[in-house]
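**Student:** The lines below spell out each chain.
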Amino acid sequence: MNKANELFKQKLKVVNIGLTSFKESLDKAGFEAIQVDWRPPAEGDEEAIEALSKCELIEEKLNIEKANKEALNRLLSAKTRLVGMGKAVDVVPGMKKNTILHAGPPITWDRMCGPQKGAVIGALIYEGIAKDESEAEIIASSNEIEFSPCHHHATVGPMAGIVSPSMPVYIVENETFGNKAFATINEGLGKVLRMGAYSPDVIDRLKWMEEELFPVLDRAIRYLGSIDLKNIVAQALHMGDEVHNRNRGATSLFFRIIAPAIVRTTEDSIVIERVLRFIDANDHTFLNLSMASAKASLDPARNIEGSTMVVTMSRNGTDFGIQVSGLGDEWFTTPAEVPPNALYFAGFTKEDANPDIGDSSITETAGLGGFAIGAAPAIVQFTGGSPQEAIDRTLAMYEITIGENNMYQIPYLNFRGTPTGIDIRQVVEKGILPFIDTGIAHKKPGIGQVGAGLVDAPMEVFKKALIAFSKKYS
Amino acid sequence: MAVKGIIKKGEYYDSVTLMLVARDATKLEGVEDAAVVMGTLQNKSILENSGLLLEEFKDATDTDLLIVVKGIDESVCNKGLKNIEEILKASKSKIAEKGEFVPKSLDGALKIAPDANLVLISIAGRYAAQEVIKALRKGLHVMIFSDNVPKDKAIEVKTYGRDKGLLVMGPDCGTAIINGAPLGFANVVNRGDIGIVSAAGTGLQEVSSIISNEGGGISQAIGTGGIDVKKEYGGLSFLTGLEALVDDPDTRVITLISKPPHPEVLEKIGSVIKRTDKPVIAAFLGAEPELLKSIGTIPATNLEEAALLSVSISKGTPMEDFRREIENKDRELQKLAEDLAKTLSKERRYFRGLFQGGTLAYETQLILTDIIGGINSNVPLDPSLKLEDSWKSKGHTVVDLGEDEFTVGRPHPQIDFDLRNKRILEEAKDDSVAIIYLDLVIGYGTNMTPGEELTPVLLQAKEMSGALFIVEVTGTDRDPQNKSKVMQMLKDTGAVVLERNASATKLAGYILRNIGG
Numbered sequence: 001m002n003k004a005n006e007l008f009k010q011k012l013k014v015v016n017i018g019l020t021s022f023k024e025s026l027d028k029a030g031f032e033a034i035q036v037d038w039r040p041p042a043e044g045d046e047e048a049i050e051a052l053s054k055c056e057l058i059e060e061k062l063n064i065e066k067a068n069k070e071a072l073n074r075l076l077s078a079k080t081r082l083v084g085m086g087k088a089v090d091v092v093p094g095m096k097k098n099t100i101l102h103a104g105p106p107i108t109w110d111r112m113c114g115p116q117k118g119a120v121i122g123a124l125i126y127e128g129i130a131k132d133e134s135e136a137e138i139i140a141s142s143n144e145i146e147f148s149p150c151h152h153h154a155t156v157g158p159m160a161g162i163v164s165p166s167m168p169v170y171i172v173e174n175e176t177f178g179n180k181a182f183a184t185i186n187e188g189l190g191k192v193l194r195m196g197a198y199s200p201d202v203i204d205r206l207k208w209m210e211e212e213l214f215p216v217l218d219r220a221i222r223y224l225g226s227i228d229l230k231n232i233v234a235q236a237l238h239m240g241d242e243v244h245n246r247n248r249g250a251t252s253l254f255f256r257i258i259a260p261a262i263v264r265t266t267e268d269s270i271v272i273e274r275v276l277r278f279i280d281a282n283d284h285t286f287l288n289l290s291m292a293s294a295k296a297s298l299d300p301a302r303n304i305e306g307s308t309m310v311v312t313m314s315r316n317g318t319d320f321g322i323q324v325s326g327l328g329d330e331w332f333t334t335p336a337e338v339p340p341n342a343l344y345f346a347g348f349t350k351e352d353a354n355p356d357i358g359d360s361s362i363t364e365t366a367g368l369g370g371f372a373i374g375a376a377p378a379i380v381q382f383t384g385g386s387p388q389e390a391i392d393r394t395l396a397m398y399e400i401t402i403g404e405n406n407m408y409q410i411p412y413l414n415f416r417g418t419p420t421g422i423d424i425r426q427v428v429e430k431g432i433l434p435f436i437d438t439g440i441a442h443k444k445p446g447i448g449q450v451g452a453g454l455v456d457a458p459m460e461v462f463k464k465a466l467i468a469f470s471k472k473y474s
Numbered sequence: 001m002a003v004k005g006i007i008k009k010g011e012y013y014d015s016v017t018l019m020l021v022a023r024d025a026t027k028l029e030g031v032e033d034a035a036v037v038m039g040t041l042q043n044k045s046i047l048e049n050s051g052l053l054l055e056e057f058k059d060a061t062d063t064d065l066l067i068v069v070k071g072i073d074e075s076v077c078n079k080g081l082k083n084i085e086e087i088l089k090a091s092k093s094k095i096a097e098k099g100e101f102v103p104k105s106l107d108g109a110l111k112i113a114p115d116a117n118l119v120l121i122s123i124a125g126r127y128a129a130q131e132v133i134k135a136l137r138k139g140l141h142v143m144i145f146s147d148n149v150p151k152d153k154a155i156e157v158k159t160y161g162r163d164k165g166l167l168v169m170g171p172d173c174g175t176a177i178i179n180g181a182p183l184g185f186a187n188v189v190n191r192g193d194i195g196i197v198s199a200a201g202t203g204l205q206e207v208s209s210i211i212s213n214e215g216g217g218i219s220q221a222i223g224t225g226g227i228d229v230k231k232e233y234g235g236l237s238f239l240t241g242l243e244a245l246v247d248d249p250d251t252r253v254i255t256l257i258s259k260p261p262h263p264e265v266l267e268k269i270g271s272v273i274k275r276t277d278k279p280v281i282a283a284f285l286g287a288e289p290e291l292l293k294s295i296g297t298i299p300a301t302n303l304e305e306a307a308l309l310s311v312s313i314s315k316g317t318p319m320e321d322f323r324r325e326i327e328n329k330d331r332e333l334q335k336l337a338e339d340l341a342k343t344l345s346k347e348r349r350y351f352r353g354l355f356q357g358g359t360l361a362y363e364t365q366l367i368l369t370d371i372i373g374g375i376n377s378n379v380p381l382d383p384s385l386k387l388e389d390s391w392k393s394k395g396h397t398v399v400d401l402g403e404d405e406f407t408v409g410r411p412h413p414q415i416d417f418d419l420r421n422k423r424i425l426e427e428a429k430d431d432s433v434a435i436i437y438l439d440l441v442i443g444y445g446t447n448m449t450p451g452e453e454l455t456p457v458l459l460q461a462k463e464m465s466g467a468l469f470i471v472e473v474t475g476t477d478r479d480p481q482n483k484s485k486v487m488q489m490l491k492d493t494g495a496v497v498l499e500r501n502a503s504a505t506k507l508a509g510y511i512l513r514n515i516g517g
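Residue numbers (this note's numbering), protein chains in the order written: chain A, 1 to 474; chain B, 1 to 517.
Calculated directly from the structure, the hints in this document are not laboratory data.
Check the hints yourself; a few may be wrong.
[Claimed, not checked] 35 Å max Cα-Cα, derived DSBU-like pairs, lysine-lysine: (1) A/Lys-28 / B/Lys-82; (2) B/Lys-151 / A/Lys-11; (3) B/Lys-315 / B/Lys-274; (4) B/Lys-231 / A/Lys-13; (5) B/Lys-58 / B/Lys-89; (6) A/Lys-9 / B/Lys-82.
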């Protein structure tokens with residue numbers, strides 16, 4: 001039977017896409033109508049629009065919705081725990097003595113930005129491979145060193161994201177799927193390797209972290225057995241963190257758990273004091289754990305046939321790249337930009353800023369960071385914004401995500417789950433860009449962090465991925 | 001002279017809102033020209049041609065809003081820009097004022113209203129098909145108000161809808177009434193047992209209004225867009241609509257409205273009609289009555305007749321009474337025409353019809369051609385009568401102001417009267433003009449103050465011209481503008497004001513015959 005005859009028996013309820021006067025007419029005439037604040041998909045880009053309509057046809061034969069539900073369920077069912085530590089070369093898969101991992105999509109030395117080059121130089125000096133800057137540059141540009149993205153090794157690194165073989169790393173295990181993820185220990189703010197600094201004090205700190213901090217932490221973690229990271233994140237969201245740019249609550253919780261175990265497993269009280277003061281002095285101690293937890297949660301959602309969910313969103317300071325579940329290991333990249341809305345530390349301006357950098361946008365990919373900013377109103381200070389702006393940012397992310405988080409909540413939104421699982425189709429179609437809040441490095445190596453800000457992921461990568469998706473599955 | 005502009009990245013507004021804002025902006029003293037447009041290629045080339053394309057606009061995309069003002073000096077431009085920004089801000093907050101969450105997509109809307117059952121689409125044509133497919137996939141009926149939907153896409157969505165048994169009204173469907181709800185441009189009519197399928201937008205408004213004014217009622221009025229009955233489109237929407245009315249227990253009389261469908265489409269329509277005992281009236285304007293009888297319909301020669309026939313059949317009035325009434329009415333018109341013809345001076349010989357409604361412009365040409373012969377037009381019945389320049393009338397002329405040539409960068413003439421008002425004054429300057437004929441289609445979606453906007457122009461034109469002014473009003477008293485009120489305002493200017501385009505056109509035709517046109 002003609003379905004129109006069913007319609008004639010129902011109460012008419014109209015979705016109005018376009019002229020608002022038509023909704024006003026229906027309102028006046030006493031009929032129900034919902035207005036859509038429509039805008040041209042993909043900023044009017046013909047090729048992307050074509051890809052979107054191909055996805056509609058793909059949906060007919062291959063259930064994209066179902067594939068995305070599966071990807072999201074995997075992400076949500078992750079149970080991540082910090083289970084121990086190790087030296088990168090011993091525990092990180094595929095890590096060799098001449099490997100240096102970096103943040104973001106693949107990149108060669110000659111294309112690396114200032115801070116990433118600086119961090120490589122620092123790492124080569126730290127490893128004893130080079131004695132100074134000029135030697136490090138020669139070695140880096142030779143074929144001796146294999147550069148590889150952290151993401152290719154189940155690893156994530158903030159900012160420059162440099163991981164060299166001797167660096168100690170956290171080992172985070174996803175109990176549900178048995179996979180692991182790795183991240184270095186956060187060095188603190190200011191002049192640090194991840195911001196491209198490589199002066200002797202930076203190298204000395206790295207050495208101290210390897211020689212004193214690492215064994216202390218490792219013993220404490222093993223004494224505890226493991227530490228539930230998702231639990232800490234969930235609580236931290238209720239304490240004003242979004243665990244990307246604000247980790248004060250999470251770091252405090254971590255401190256409460258680890259401190260007694262350190263005291264129990266280390267004898268030298270001078271060492272204990274140094275280690276505890278170091279953790280306490282750095283609000284971002286938890287950032288690297290938050291990232292590794294997100295990474296361990298997302299990896300099982302990779303390679304799901306027909307899924308348009310983003311599993312990696314990452315930058316190396318030169319390029320911005322994403323990977324998509326249904327598209328294997330392929331990267332979709334575009335030049336990274338300087339965050340347009342930022343707060344700079346005294347003495348620095350936009351002119352000093354490096355384009356967006358770091359694997360830390362793995363948090364947004366997992367429904368945290370910018371996506372959870374409604375839980376962290378203090379962050380919008382960075383742009384002079386209001387708490388309402390933070391809420392609106394989070395609300396907008398629900399439009400481009402597959403679902404809501406089962407564990408991470410926004411108190412202000414009646415404890416609604418955070419928007420989780422970015423769908424490239426919805427990003428392109430609605431023109432709403434994933435929102436990242438991030439730190440900003442100086443564009444020259446060796447200077448360090450100059451500010452923090454808010455940045456939208458570039459549309460280009462989502463368009464490229466969508467076009468590739470429509471080609472692969474058509 | 002100064003030109004100043006601003007670009008607003010990622011701010012999107014619908015074209016009608018923007019055109020109305022730009023129109024208001026040019027009314028500011030000292031402002032010569034203003035544009036408020038999205039940064040599409042087409043809009044950029046329009047700006048370039050009018051010298052308003054600023055350097056910074058060149059890289060703008062479809063989702064960037066471009067605002068530019070040309071004025072006598074910089075301070076006027078700045079004032080104009082500020083003005084525009086304020087109007088735009090007000091229009092945005094209007095949507096959000098109820099504090100409702102406004103979704104950005106069909107998906108988002110369905111999360112709020114999972115029981116929605118029809119999607120009304122009026123976005124730019126090149127984007128429409130994508131939204132239609134999405135709606136159909138979710139099992140929703142669709143009305144596509146948008147025009148300029150690419151042909152292959154239009155056929156694709158119509159075919160998809162037909163396969164799924166869903167209504168796809170359009171593209172380029174201006175009006176429909178579903179379950180009593182006015183969709184697009186539509187009049188407030190009684191509900192009743194007459195169902196309409198129409199491939200002619202103002203045709204549907206005219207017929208449904210007359211039916212309602214005559215005490216009949218409408219069960220459903222399904223629009224299809226004019227292209228639907230062409231060969232390539234196969235009448236896909238028309239057939240779905242007709243079948244639905246055949247099966248609808250609340251519809252006892254079916255009325256079909258269209259320009260003559262392609263023979264293949266007509267045949268398919270005939271095969272659906274064979275399945276039903278319900279009387280089917282067909283106003284396929286200009287088609288042979290015998291042909292219409294052969295497919296099982298009762299032919300009507302014009303929209304008014306179709307409406308009156310439908311009401312008669314619905315009410316069970318004997319056919320003879322109906323015919324007698326029509327004849328009486330015709331005699332009255334002829335009598336009135338004699339009197340009016342006497343008021344015209346000798347040199348006044350020509351008809352000038354300026355139309356908002358495409359179907360009405362077409363119907364008027366059919367009727368006048370019968371009475372006085374060929375009519376020049378931008379949409380002529382006979383290609384040899386095509387106006388060389390649509391902006392200039394010649395002899396007897398009918399102009400359809402809803403054609404694309406007049407609507408680029410402007411809202412539909414049923415919304416924005418400016419262009420026709422200017423043309424009325426042009427015609428008033430011509431001493432060879434005997435009749436200036438206007439249609440006025442009211443109802444939801446159209447201009448809300450038609451009397452107020454048309455009256456001063458008619459008064460001014462009457463000062464200038466000794467021609468007769470005939471205005472035909474399509475609508476009902478329950479329309480937000482109120483038909484009777486509008487008619488009275490227009491009558492007060494001294495114009496001859498009638499309902500029903502066929503009658504009003506006949507009056508004009510008889511006048512012209514009387515003066516030997």
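**Student:** If a hint holds in the structure, say so; if it does not, say that too.
**Tutor:** Okay, the hints, checked on the actual structure:
{"no.": "1", "hint": "A/Lys-28 / B/Lys-82", "result": "holds, 32 Å"}
{"no.": "2", "hint": "B/Lys-151 / A/Lys-11", "result": "holds, 32 Å"}
{"no.": "3", "hint": "B/Lys-315 / B/Lys-274", "result": "holds, 23 Å"}
{"no.": "4", "hint": "B/Lys-231 / A/Lys-13", "result": "holds, 33 Å"}
{"no.": "5", "hint": "B/Lys-58 / B/Lys-89", "result": "holds, 24 Å"}
{"no.": "6", "hint": "A/Lys-9 / B/Lys-82", "result": "violated, 49 Å"}
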